[in-house]
Amino acid sequence: MESERYNRQIILSGFGKEAQLRLLAAKVLVIGAGGLGCPALQYLAAAGVGHIGIADDDHISLSNLHRQILFSTADVGQLKTAVAANRLREMNPGIDIVTYPISVTKNNVLDLLENYDLILDGTDNFESRYLINDACALLSKPLVFAAVSGYEGQLAILNVADDQGLRTNYRDLFPVQPGAGEIPNCAENGVLGVLPGIIGTMAAAETIKLITGIGKPLINELLHYNLLTQAQYKMSISPAQDYTLPKTKTDFLKMEYQDSCGLSTGYTEINADQLQALQQERSVLLIDVRERHEVPILNKEIFTQVPMSEFDNFLLADIDAENIVLICQHGIRSVAAAEALQEKYGDSKNLYSLKGGIIKWRDYFSTT
Amino acid sequence: MEIEIISFGKISEFIKPQKLEISGITHTDDLKVYLESSFPKLSGMKYKLALNKQIVQQNCEIANHDTVAIMPPFSGG
Numbered sequence: 001m002e003s004e005r006y007n008r009q010i011i012l013s014g015f016g017k018e019a020q021l022r023l024l025a026a027k028v029l030v031i032g033a034g035g036l037g038c039p040a041l042q043y044l045a046a047a048g049v050g051h052i053g054i055a056d057d058d059h060i061s062l063s064n065l066h067r068q069i070l071f072s073t074a075d076v077g078q079l080k081t082a083v084a085a086n087r088l089r090e091m092n093p094g095i096d097i098v099t100y101p102i103s104v105t106k107n108n109v110l111d112l113l114e115n116y117d118l119i120l121d122g123t124d125n126f127e128s129r130y131l132i133n134d135a136c137a138l139l140s141k142p143l144v145f146a147a148v149s150g151y152e153g154q155l156a157i158l159n160v161a162d163d164q165g166l167r168t169n170y171r172d173l174f175p176v177q178p179g180a181g182e183i184p185n186c187a188e189n190g191v192l193g194v195l196p197g198i199i200g201t202m203a204a205a206e207t208i209k210l211i212t213g214i215g216k217p218l219i220n221e222l223l224h225y226n227l228l229t230q231a232q233y234k235m236s237i238s239p240a241q242d243y244t245l246p247k248t249k250t251d252f253l254k255m256e257y258q259d260s261c262g263l264s265t266g267y268t269e270i271n272a273d274q275l276q277a278l279q280q281e282r283s284v285l286l287i288d289v290r291e292r293h294e295v296p297i298l299n300k301e302i303f304t305q306v307p308m309s310e311f312d313n314f315l316l317a318d319i320d321a322e323n324i325v326l327i328c329q330h331g332i333r334s335v336a337a338a339e340a341l342q343e344k345y346g347d348s349k350n351l352y353s354l355k356g357g358i359i360k361w362r363d364y365f366s367t368t
Numbered sequence: 001m002e003i004e005i006i007s008f009g010k011i012s013e014f015i016k017p018q019k020l021e022i023s024g025i026t027h028t029d030d031l032k033v034y035l036e037s038s039f040p041k042l043s044g045m046k047y048k049l050a051l052n053k054q055i056v057q058q059n060c061e062i063a064n065h066d067t068v069a070i071m072p073p074f075s076g077g
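In the order they appear, the protein sequences are chains A and B. Going by full-length UniProt numbering, the first sequence opens with residue 1, and the numbers climb by one from there. Going by full-length UniProt numbering, the second sequence opens with residue 1, and the numbers climb by one from there.
Derived by calculation from the structure, the hints in this document are not laboratory data. None of these values were measured; they are calculated from a predicted model. Virtual Cβ for every residue (Gly too), placed ideally from N, Cα, C. Keep in mind that a hint or two might mislead.
[As the list claims (entries may be wrong)] According to the in silico footprint, chain A covers these stretches of chain B (three or more CB under 8 angstroms from chain A):
1) 47–55
2) 59–70
[Stated by the list, open to error] Rough simulated footprint, nothing fancy, chain B against chain A, three-plus residues with beta-carbon under 8 angstroms:
3) 30–43
4) 123–134
5) 151–159
6) 232–241
7) 283–289
[Said to hold, decoys possible] With a cut-off of at most 35 angstroms between alpha-carbon atoms, the simulated DSBU-like pairs for lysine-lysine come out as follows:
8) A:27 x B:53
9) A:209 x B:41
10) A:360 x A:344
11) A:234 x B:19
12) B:41 x A:27
13) A:254 x B:16
14) A:300 x A:254
15) A:249 x A:216
16) A:141 x B:19
17) B:53 x A:234
18) A:360 x B:53
19) B:16 x A:234
20) A:247 x B:16
21) B:41 x A:300
22) A:344 x B:41
23) B:41 x A:106
24) B:53 x A:247
25) A:216 x B:16
26) A:209 x B:53
27) A:249 x A:360
28) A:344 x B:16
Just chain B, same shape as in the assembly (with noise of 0.2 angstroms):
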């Protein structure tokens, strides 16, 4: 299935805005460890996830076509 890939900050340097195509992953708990190996940057850093404009709290099942946007913490002012 395919899921589209939004990034913020600091991580839209080595994660770009992408189509991603996932097989075998059906829930946001793979897929963050997908993403943490496929991007070791990921896994140094606090990031949170939303899917389809949710922000991510529980293992939550991913569908064809969802939208999941990576994020890091922001502090500056």
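Chain A with its partners taken away, still in its complex shape (with noise of 0.2 angstroms):
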């Protein structure tokens, strides 16, 4: 270890050089090199992080230098990856640095996340997110989780279990993952570049103190901040009782991440497990497509019937509900009724429609 570059923390009062020792040995993946990920990356490499991977399938474009401070206008075109460990390399050429240059997705994120000792997400979708978190409770990897929107940013350290032993993740927050549409991301909403700088470095001042130790880490709890104000909130989270994580490999790959901001279907498709979080969550309408002689029959005081056959004329009528979610035997027929509803109301009414339908649910709705 060279003592002189990392000399001014090491005479810290509560460093040391056996907190800087244990900066070496971590291992840290940092998912998205953009906004977050470039001051997060930065740091980590100077501080001395030893183990450090960046994943990312992305390009550099002209659009992200005002944020992305790891690459240079000369940069443009080139893979954000490659570039960022160049630069992480020259600043420090004593850590190791592996990069992904490749999309996260539930087939390859496990084994992905294997090698790290924790996981900093600084991706830009809900699809990415939701992915890494329950890839993370899964696996048991702590994650640093930052976001931003706007002028506003959220921190949180999820999967690390407190004094108590609790343990939260993302889901404990938004059970749901939001339709497409539902919330602007920095491309349709805009960001000034200094604030995923701000979350970006906090984000690596929190991974810095949960492997040395020192200080409160943001642990089960969730910092809001704003720029305009310099106001930070700082609120407490306790696991949450309305969702379930998948518990194994399979139910894992089982799981359906849409995305919420790229290929906007209009709708989005949904499991039991999302269903019954979405019931207790909000008021939605519930509506089987099936016709009338379709068994299993459903409970008709929480399941409006409205068989396809009848389906043009239900849609002469306006509905006042704002969440409907349509249901079928197979999940196929619900799809085309809520492709109806989207051409008729746009983007206002969040739309689902439940994958696999009534008999991949059979479980959900013989309780129901």
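Make one complex out of these two single chains by using the hints.
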């Protein structure tokens, strides 16, 4: 270890050589080398985190440069992971950096996380965030969650047991992944470059605190930050009961993580757990689009029956409900019904189709 | 009774931080119904409440001068 390089932090009271050795031994995976990932990577590398993984499949574009400060104008068009790794190696040749120029999916995420002690999520979409959360929960990997919107940021440490042995994950905050277009992303909403700079740097600070054991990291806490007022608001998170996480690799691979900001379908396919969570979270109109003779017969007080053969008539009247879940035997006609509603209402309603239908989730329906 | 409302992100565009006089509302579930009917945009969104800086996971009793924060999920990076 180069003591001189790290001298100013080693001499800190409460830090010392021991903390520095912990950093050197740590394996941190940063997913997303963007506005949050760049500053986080810079400080983690500079501080001497010994093993850093960088996962991102994106190439650098000109509109990234105001906030993704590892990249320069000449890098436009290059792979983010390659340029970031080069810059970080120049900055600190004493650490090991591995790049993954891939999109993180449910098929590769478990293998990817396996090699790391701690994950920093700096991605920019809900699909990745729920995927990473569920994978970290399954593998019991500490997750530093950082996200921004407009002039505000959110930061939390998830999946780390507190003094009482309690651990929380992102679904304890938001059990169901938002649908397409529900929450605007940076590309649609805009972002001042310095905001992910601040939140990404805070995420690096929390990572360093967790690794070295200094201070009081944001375990089971959500920090909300407002750049315009410099206000910070810290809330404590406790485990919720209204969702289930995949408990095995097989369950995980069956999860649906819809692309909520890319290929917009106008409706979201959900599973029975998401349906249950939706029902508990807000008022939803549940529509069974099967014909009247089909079995099993569902409780008509809960499920409104509108057979597909009558659906055109149904579309003539206006529906007040904001949230509509469509259900059929196998989840195919319900997609057609969701598309018909989408055509009529556009994005003004949240439309869901139960993927796999009543047959797939028969246990759920037999108890409803 | 009077409670203080704090709002974050997109929600703060239609629910401004404010002192709110509520009558007949004693629990967070009732407050959600009230907020969703007073601010219809909220019912179409994912959001979470925090009562006095504790994330609300079940129906909680609200007392005079409590603070309720309303937040949407953020995904940007």
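Now for the hints, and whether the structure bears them out:
{"no.": "1", "hint": "47–55", "verdict": "holds (count 5)"}
{"no.": "2", "hint": "59–70", "verdict": "violated (count 1)"}
{"no.": "3", "hint": "30–43", "verdict": "holds (count 5)"}
{"no.": "4", "hint": "123–134", "verdict": "holds (count 5)"}
{"no.": "5", "hint": "151–159", "verdict": "holds (count 3)"}
{"no.": "6", "hint": "232–241", "verdict": "holds (count 9)"}
{"no.": "7", "hint": "283–289", "verdict": "violated (count 1)"}
{"no.": "8", "hint": "A:27 x B:53", "verdict": "holds, 33 angstroms"}
{"no.": "9", "hint": "A:209 x B:41", "verdict": "violated, 39 angstroms"}
{"no.": "10", "hint": "A:360 x A:344", "verdict": "holds, 28 angstroms"}
{"no.": "11", "hint": "A:234 x B:19", "verdict": "holds, 20 angstroms"}
{"no.": "12", "hint": "B:41 x A:27", "verdict": "violated, 43 angstroms"}
{"no.": "13", "hint": "A:254 x B:16", "verdict": "violated, 40 angstroms"}
{"no.": "14", "hint": "A:300 x A:254", "verdict": "holds, 29 angstroms"}
{"no.": "15", "hint": "A:249 x A:216", "verdict": "holds, 33 angstroms"}
{"no.": "16", "hint": "A:141 x B:19", "verdict": "violated, 41 angstroms"}
{"no.": "17", "hint": "B:53 x A:234", "verdict": "holds, 7 angstroms"}
{"no.": "18", "hint": "A:360 x B:53", "verdict": "violated, 40 angstroms"}
{"no.": "19", "hint": "B:16 x A:234", "verdict": "holds, 19 angstroms"}
{"no.": "20", "hint": "A:247 x B:16", "verdict": "violated, 40 angstroms"}
{"no.": "21", "hint": "B:41 x A:300", "verdict": "holds, 28 angstroms"}
{"no.": "22", "hint": "A:344 x B:41", "verdict": "holds, 19 angstroms"}
{"no.": "23", "hint": "B:41 x A:106", "verdict": "holds, 32 angstroms"}
{"no.": "24", "hint": "B:53 x A:247", "verdict": "holds, 30 angstroms"}
{"no.": "25", "hint": "A:216 x B:16", "verdict": "holds, 32 angstroms"}
{"no.": "26", "hint": "A:209 x B:53", "verdict": "holds, 23 angstroms"}
{"no.": "27", "hint": "A:249 x A:360", "verdict": "holds, 19 angstroms"}
{"no.": "28", "hint": "A:344 x B:16", "verdict": "holds, 32 angstroms"}
In the structure shown, a violation is registered for the earlier hints numbered 2, 7, 9, 12, 13, 16, 18 and 20, in ascending order.
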